[in-house]
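A.B. asks: When you get a sec, could you build the whole thing from the sequences and use the hints?
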Amino acid sequence: MELQTTQNQTSTRIRSVNVREYIRNAGTLIGLIVIFIFFSTQSPVFLTEANLINILQQSAINACIALGMTLVIISGGIDLSVGPTAATAAVFTATLMFTGTPVLPAVAVGFLIGVACGLINGLLIAKAKLQPFIVTLGTLSLYRSIALIYTGGNPILSVPPDFRAFFNGRMGNLPVPVIIVGVVAVIAWILLRRTPLGEYMLAVGGNEEAARISGVPVALTKISAYVISGFLASLAALILVGRLGAAEPILGNLWELDAIAAAAIGGASLMGGKGSIIGTLLGAIILGAMRNGLTLMNVQAFYQLLATGLIIILAMLVDRLTRGSN
Amino acid sequence: MEQSPYLLELENIYKSFPGVQALNDVTMRVRRGTVHALVGENGAGKSTLLKILFGVYQPDKGTIRIDGQPIQINDPKSAYRAGIAMIHQELQQIPELDATQNIFLGQVFTRYGIFKDTRRMRQVARELLARLNVDTDVTIPVQQLSIAQRQLIEIARALLGNARIIAMDEPTSSLTPNEFEILCRVISELQANGVSIIYVSHRLNEVFRLADRVTILRDGEFVADTALTDVTEDDIVNMMVGRKMENHQHVSHVRSQTPVLRVRNLSWGEKVQNVTFDLHAGEILGIAGLVGAGRTELAHLIAGLHAPTGGSLELRGQVARFHSPRQAIRAGIGMLPEDRKRSGIIPLLPVLANSSLPVIRRYAPLGLINNRRRRRDIEPIVDQVNLRPRNVDRPIRDFSGGNQQKAILARWLNAKSEILIFDEPTRGIDVGAKQEIYHIIETLAQQGKAILMVSSELPEILRLSDRVLVMSGGRATATLEREQLSEEVIMRYAISRNVSL
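Protein sequences, first through last, are from chains B and C.
Each residue of the first sequence is one higher than the one before, starting from 1 at the first, in the numbering used here.
Each residue of the second sequence is one higher than the one before, starting from 327 at the first, in the numbering used here.
Source of the hints: derived by calculation from the structure; they are not laboratory data.
Since the model is a prediction, treat every value here as computed from it, not as a measurement.
Just so you know, not all the hints are guaranteed correct.
[Unchecked claim] Heads up, simulated DSSO-like pairs for lysine-lysine below, C-alpha to C-alpha not over 27 angstroms straight-line:
id, chain 1, residue 1, chain 2, residue 2
1, C, Lys742, B, Lys127
2, C, Lys597, B, Lys129
3, C, Lys667, C, Lys742
4, B, Lys127, C, Lys597
[Stated by the list, open to error] If we take Cβ atoms under 8 angstroms as the criterion, some of the chain B residues that face chain C in the derived model are:
id, residue
5, Gly31
6, Arg194
7, Asn207
8, Ala211
Using N, Cα and C, we set each Cβ at its ideal position, and we do this for glycine too.
C.D. replies: In structure tokens form, the structure reads like this:
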């Protein structure tokens, strides 16, 4: 649009990138507050400390996946394979622990599997130049089948008590998983906003061709995003195995959709080049609070699904309307 | 009833956007069967006025009349029904569809009201194109056609809707001189049929060639409506910019003894064949030629976007083989691409990030970006290129075309590139900013940068180049020294091997 003319005329339109992101995050926060106010009028339990911690706990796993998803989406891709990646990491780690491998090496193998899954996605997308949606749709089946074939479809039920104790423990008042995901979020924020890699992700997602001409290592940037996503999927898997004390090969079913929803509610654009770590965290908490609140109100699970769908669409509509005619 | 002499009247149009008065009491009257030019710098309000005419925006105040009758244009569809068509600068076509499908986009002839009547649609498409005196295959995807042919298909589409007013927004920005001649012929054909043309262009020589009258806008205000016989090109430029333009004179540069870049028999398939030249520090080497002559491809080879299929590059005496732009950047080469939106800017990122992208690691020695240091580097450079508004935190897409170009130039100045490749440096940039960019390019050459400039605008080539390499059909057909330069000579070499055109 050719609207910029003189300096003073444009001054009202000048808004730094950061300010825009703050405004968007403030919007997500308001959404969260509205949801909190609503449920606190519906259930006396909702706003209690125990329940709030509960919400964080319930949101932690989705937040963990969604943080990786946010980086992938920002760099212009999508990762549908996070759930099966998690399941594969979970069953291998659990099996190793069950057969007597010490916890730390077993956990390391779990992380390696997550990284490997992400690396395969990244190589197929960045080097073989296949479409992210299709590649990860393929690996969604592929990784799931590995978990199922390896376990014969059976859950691995015996997980060492100290492993379980760690993930069920608390530091101060907060559950360990919440703290882990909090630390991951801080690292992700620093990565996105303060490191060259983060800026490369924004650039590649924002305009891949321009990024390439500017000397951005495009393939490496994309691969990094998928590797991080795979790693965080395996982390989420370990948290879940620790909490449940079992690893099921069907674990993580539809995780990708919750993660994409959290990122989108938080302001990530599936076109790439745009997204916010804080927004994604808020998005994950919105989804968690909704489920928690509706459960407290004894609403049937079917309606919870309905509410989740509505929230996603509402968030996108508000986004559209507040962004104006562009 | 007395018929109004005007086919179209836009009267006292006001339009504001938050913080900007985009149009302030603008009036434009177009007579039947005339070509009426609309000129002004970027931001003068031309696009806004066209969008109002086309129903994309609603005016805050003002009247639109067709044949003297007031008319309300609520959306592009009602504009179309009122006989108003627009040929956009960026063609609104679906590249995978053929000419017929594009002409009939959004409407369809049917048999029995159900089946698409492709044969009849093709017949009509051929007739429409024949009216324009063009012979184009209407059954192949338009992406396989030249820009000029695609433009004529857009005009055919306008004729299908019985358009009486056709607005053309920068129609010639990617046309070769030959294609321009075809467009001229088509326009006079349309005129003869009573169609009025609104012709928006930065190229004043075309305006003089084609238009009967011109309306000049500046900063959203009406400046003048005059017959072109009453004014000179300089008059119009002065009215557009509101100040006396400095007289453009070529500034000669002192070039280095030994070349910075030696290009020997460089080839890339059919597109670039055996091109040889030297580039010295402190000179501006213009690359002229018609569209498709291989100029952009040559620029891309040097910038490392493609790997050459033959020949060699030598940088400061060292043979260089680039497999990626990254390697070329390290060797001190920076490119400002032809299509800024597609391959220049990262729209949502601020200028600060856009201008520091190639050397971002410089600001993160320990892994974290030191923004203060980055700002300290970028701010003096955006001052040097005179970025307006001078706000490096603003997303680059919110800047005008000229200022986006300055920000991309800042990218390479900050990377300390010694060789700068400008591909169409002022495409889509308004007159004022154009002069500014010329001035910056000249200053950079004086400071010892080696500059390669691909341009389709001969005045630009003549104004800036110390030497000119002319290309035709992928080959270098001449290297002309300053004294030899003239439009005629360049054109002669530009078409010299293009007999088949």
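A.B. asks: Now tell me, hint by hint, if it's right for this structure.
C.D. replies: Here's how the hints hold up against the structure:
| no. | hint | verdict |
| --- | --- | --- |
| 1 | Lys742(C) - Lys127(B) | 30 angstroms, violated |
| 2 | Lys597(C) - Lys129(B) | 25 angstroms, holds |
| 3 | Lys667(C) - Lys742(C) | 23 angstroms, holds |
| 4 | Lys127(B) - Lys597(C) | 26 angstroms, holds |
| 5 | Gly31 | 22 angstroms, violated |
| 6 | Arg194 | 5 angstroms, holds |
| 7 | Asn207 | 5 angstroms, holds |
| 8 | Ala211 | 7 angstroms, holds |
When each numbered hint is compared with the structure, violations occur for hints 1, 5.
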